[in-house]
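Asker: With chain A fixed as given, assemble chain H onto it according to the hints.
So the sequences go chain by chain: A and H. Here the working numbering is used: the first sequence runs in plain steps of one and ends on residue 326. Here the working numbering is used: the second sequence runs in plain steps of one and ends on residue 651.
Simulated from the structure, these hints should not be mistaken for laboratory data. Bear in mind that the values here come from a model prediction, so they are computed numbers and not experimental data. Don't take every hint at face value.
As the list claims (entries may be wrong) - To give an idea of the interface, some chain A residues facing chain H are shown, with a C-beta separation under 8 Å as derived from the structure:
1. K73
2. G77
3. G86
4. A89
5. T92
6. S96
7. G97
8. N176
9. S195
10. T207
11. D221
Glycine included, every Cβ here is placed at the ideal spot set by N, Cα and C.
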Amino acid sequence: MYSKKLVVVLLTIAIIGVCALVLGCTSSSPSPTATTTATTPTSTPVQTTASITIGGSTTVQPLSTILVDAYMKNNSGVKITVTGGGSGAGETGVGSGTLDIGSASEIVPASVMTQYPNIITYTIGGSGVCVIVGTSVQVPANGFSIKDLAASYVTGQPVANLSSAGVKDIYTRADNPSGTADAMGSYLFTSANKSWIYANATNNLKTAQGNDGMVAAIQSDPNGLAFVDFGFTQNANGIQIPAVQDLNGTVYTVNAANIKGALKDFFAKQTSSTHYPIKLVRPLNYLTNGQPSPAVLAYINYANSSSAEFAYQQCGYFSMSDINNA
Amino acid sequence: MIHESQTESSKEVHGSKPFSKLTSIEIPDLPGLIFLLCGIITILIIVFLIGFIFYTAFPTFQSQGLYSIFGTNWDYTQHQYGMLVFICGTIALTVVTIAIACPLSILTAIFLAEYSPPRLTKVMRPMIELLVGIPSVVYGIFGLFVLGNMFKYNINPGISSVLGFIPIFRNLQPSTGEGLLLASIVLSIMILPTITSLSVEAINSVPREYKEASISLGATKWETIKKAIMPVASSGILTAVVLGVMRAMGETMAVVMLFGGQMHIPGSLFDTGYAMTSKILNDIGYWVAVPEGRSALFAIAAVLIVFEVITVAAARAIGGRKKWS
Chain A
1 MYSKKLVVVL LTIAIIGVCA LVLGCTSSSP SPTATTTATT PTSTPVQTTA SITIGGSTTV
61 QPLSTILVDA YMKNNSGVKI TVTGGGSGAG ETGVGSGTLD IGSASEIVPA SVMTQYPNII
121 TYTIGGSGVC VIVGTSVQVP ANGFSIKDLA ASYVTGQPVA NLSSAGVKDI YTRADNPSGT
181 ADAMGSYLFT SANKSWIYAN ATNNLKTAQG NDGMVAAIQS DPNGLAFVDF GFTQNANGIQ
241 IPAVQDLNGT VYTVNAANIK GALKDFFAKQ TSSTHYPIKL VRPLNYLTNG QPSPAVLAYI
301 NYANSSSAEF AYQQCGYFSM SDINNA
Chain H
327 MIHESQTESS KEVHGSKPFS KLTSIEIPDL PGLIFLLCGI ITILIIVFLI GFIFYTAFPT
387 FQSQGLYSIF GTNWDYTQHQ YGMLVFICGT IALTVVTIAI ACPLSILTAI FLAEYSPPRL
447 TKVMRPMIEL LVGIPSVVYG IFGLFVLGNM FKYNINPGIS SVLGFIPIFR NLQPSTGEGL
507 LLASIVLSIM ILPTITSLSV EAINSVPREY KEASISLGAT KWETIKKAIM PVASSGILTA
567 VVLGVMRAMG ETMAVVMLFG GQMHIPGSLF DTGYAMTSKI LNDIGYWVAV PEGRSALFAI
627 AAVLIVFEVI TVAAARAIGG RKKWS
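Bound-form chain A, shown alone (with noise of 0.2 Å):
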């Protein structure tokens, strides 16, 4: 009885092992779906053989995991992984060396930079971050104001403008940091309070893991509010982005023409824009520590090259030469 029962245990084992083994050895990656508007991606071949990880950023990550799908099409002997983990994680990660593309939606910190020198940032393309609330919400025509934003996510209650509205729960961003958090975090409460955003024993508020985890916060919880990349907001259901209130009035309307215009604007230096809150677009960038590998530099060109466009489009990012050209 005893032998009987290892070689089915045995037999068991051979045929899992078996089962991973054949599923291993086929690759059946999904195509992107290329907009009408976009171009066929192409990339021209490079002739190596490498193994490169991309990590950090959870905004950068859809992104990079349809890059990559592209790319790897037209590169066979380049194999590529993809992680999030959050900005911080990918600027850390590029800097120990546990990462050969570390991935942000931020601009590097000092406090980085003085760690790791050799960070070297190559912009890809940019994106905004924006409030979402769920359906029962009734939003008001002029957004919520930034005062009403920064007061609840101090205290982890909505504020009577809020609440009158609909909204019972505020969510923040469970890994810590989060170049979206800190986007959302220095517009709330200024760049050296931006801390404030996440969650604490004081403010009680809910958290939710990367921009997807806030999506669906939202789409299971019709009285949350959350913030998110603008990005995630363009195929998902049972979500609404009310418009934003300045300090001083101005009601800046959730779109991808006023996120450009004020990327454009970021990226000309400017301290303020008309079109959208400066301070809530951000660079999507690519580090690495140090000059890079010709096969990572590769990847990097092709990343901001024009055959690259079509994984912008479908992210709702925007690309370097998409912004120039707003």
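Answerer: Same frame as chain A, now just chain H:
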């Protein structure tokens, strides 16, 4: 120089030489040396692991003092690392998990060992042990997408509508199904096979004579189990429970997906919280490369290890004095 010890002869197995008293040193045979080497390697790994954790955590304990245990504010920019919220979250999670898992596991073990027909036992035991092989992230997904809505729309409001006058049953998070009860139930399913399997072994290892003697004196089956078998098996069952507690304390993936991640101490079974392991997972990506942040997160790990050591010690102390009544 090799000596042969006469006093240790009762422990000798043919062809082997046992370790002896300090007065005479005996070199073991080759298998004995290999076992000794394995034991030393295991101990070295444990010493290195725990030593590294405490060494990395030490600067935080030094700078924060008792605030690290009893403080509630965790802020990297303010250099404050109070982990009371996380400690209470982990303790609450563990207590509720054990409260759910223990009766279910132990009663299942009694059924499998004493009541179940052999054929049914042969089917049930592998099925229960199959639960061990399911990854914790799968449990988390199951809890999130399958149980989450059930708890949000049915279980939480249903229970709180009946028992809500009792503070522990107030539905403090009506907008979500995530919380202490959901996370605890999923954790209970995770530790159920551990407690059940070890408890079955403990019950089966009770000598038949105890059972036969009890029955021959006129005791019923339940009386035999309660008064003859369980007291003998209790130390093994307690060990099983301790292993379950340690697994519940250290579980990360399912907890981070189901506990809610809100930085407060849960006020009821349906409230969210924040466990120690979740904090490490959420922040380690960036802060592992920053000395102060890394030390703070390792401090959480160090406190978790201390809790597990205290749990084992308490269980051993209770087990030594335990009398089944």
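Asker: Does each hint hold? Answer for all of them.
Answerer: Results for each hint:
1. At a threshold of 8 Å, the smallest CB-CB gap from K73 (chain A) to chain H is about 29 Å, leaving the interface hint violated.
2. The interface hint given for G77 (chain A) is broken, as the beta carbon of that residue sits about 30 Å from the closest beta carbon of chain H, more than 8 Å.
3. For G86 (chain A), the interface hint holds, since its Cβ comes within 8 Å of a Cβ in chain H; the closest pair sits about 6 Å apart.
4. The criterion of a C-beta within 8 Å of any C-beta in chain H is met by A89 (chain A), whose closest approach is roughly 3 Å, and the hint holds.
5. Checking T92 (chain A) against chain H: minimum C-beta separation of about 3 Å stays under 8 Å; hint holds.
6. Because the smallest distance between the Cβ of S96 (chain A) and any Cβ of chain H comes to about 5 Å, under 8 Å, the interface hint for this residue holds.
7. Restraint check, G97 (chain A) versus chain H: the minimum CB separation of about 10 Å is more than 8 Å; hint violated.
8. For the restraint placing N176 (chain A) at the interface with chain H, the shortest Cβ-Cβ distance is roughly 5 Å, inside the 8 Å limit, so the hint holds.
9. Look at S195 (chain A): its Cβ gets to within about 5 Å of chain H, closer than 8 Å, so that hint holds up.
10. The restraint placing T207 (chain A) at the interface with chain H holds, with a minimum CB-CB distance near 4 Å, inside the 8 Å limit.
11. At a threshold of 8 Å, the smallest CB-CB gap from D221 (chain A) to chain H is about 5 Å, leaving the interface hint in force.
Taken one by one, the earlier hints fail for this structure at numbers 1, 2 and 7, listed in ascending order.
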